[in-house]
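Work out the full structure: start from the sequences and follow the hints.
These protein sequences, in sequence, are chains L and S. As numbered in the working numbering, residues 1 to 151 make up the first sequence, in order. As numbered in the working numbering, residues 1 to 199 make up the second sequence, in order.
Bear in mind the hints are in silico, worked out from the structure with no lab data behind them. Computed from a prediction, not measured in an experiment: that's the story for all the values here. Check each hint, because a few of them may be wrong.
What the hints assert, rightly or not - Incomplete in silico selection of chain L near chain S, CB under 7 Å: (1) I16; (2) A133; (3) T135.
C-beta: ideal position from N, C-alpha, C; glycine also.
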Amino acid sequence: MEGMTFIVKTITRLLIGAIFLFGIYITFYGHLTPGGGFAGGIIIACGYILITLAFGKKVSLGKLSDFWASLIDNIGALSFWLIGILGYTGGYFFMNFIEKAKPFGLFSSGTIFAINIAICIKVAASIFAVFLALTIFGKFISDMIASEDED
Amino acid sequence: MLILFYSLLIFCVVGSIIAIEIRNILASVIAAGAVGMALSILFLFLGAPDIAITQVVVEIICLIVLIRSTVSLDNTSITKHRDTFAILSSLIFFGLFLVFAFMAFQGLPKFGEPLMRVSSYYVENSTRQTGASNIIMGIILDYRAYDTLGEATVIFTSILGAFVVLRAKGKKRKEEFDQVKVGIPEKEDLPKALVEAEE
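So, in structure tokens, the structure goes:
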């Protein structure tokens, strides 16, 4: 049985949905309340890190493997850049080309909403990927030596 | 309220000094985390909730990652004496910095009263022009979106570099046949320092 104790696992199971929901809320309401894509993305990455710490690496790698994490990181960065390119349809780079609605609405701010989501995806995937790289892959040589000692 | 602000400021300075000076590396990481938490409360006092939220979440991530990656090598401690010349020169340069900073800060506007030229334009027109009621988001993702793209590129490149450098060891784990194909080095063939560090 990998990971931490039964108490930690149960609390994680209860809280993990709320953590992801809070990250998504911080991202989506970035243009209305304090927060934004960066903070929301790091909260979502925190959720994945909590899964890794509580259930062990097998469960979290099954949910989001290192390959997919780096791929989603690239997709987020490219989509941010693509939104900037799409601004040329209205005139210049990073033009806010979507029609703006009345303030204080969810879809009121044109491209800011889309850029927030792109940054959120990028940051969440990349922070989780670097956590994987620092904690799991770093243990490889020591595991190798340990397994050879067992043999 | 101002007393609380200044006491938090002093707490930050003391915590930083403890984080530098303490011998145990885990205690040093925890002291740095405490400084970050106090800094986020300071940002709240200064009326910057965006920065405060970002500071809190980044601090938590840093704390977890640093503890996870340093807890296995917490026996790192400095035993030999420090270089006297380094201490002396850093003290002299710190004194010079204090003198010139005192002279330079005389010319700055008073604390809390910035020159409101560009920012007053943003405050008046941001909500109408960008549609975002959070003016900070309107600035960093509309007026200054190009800056944010550069910032995102910096994060992307640094994390890509870190991922590539750290991944080189773990890449062979998935396939069992690597030992036959590539030949994983035996324990004796590994660099001696690496084996000692791992043990």
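Violated hints, by number in ascending order, as checked against the structure: Per hint list: single violation, 1.
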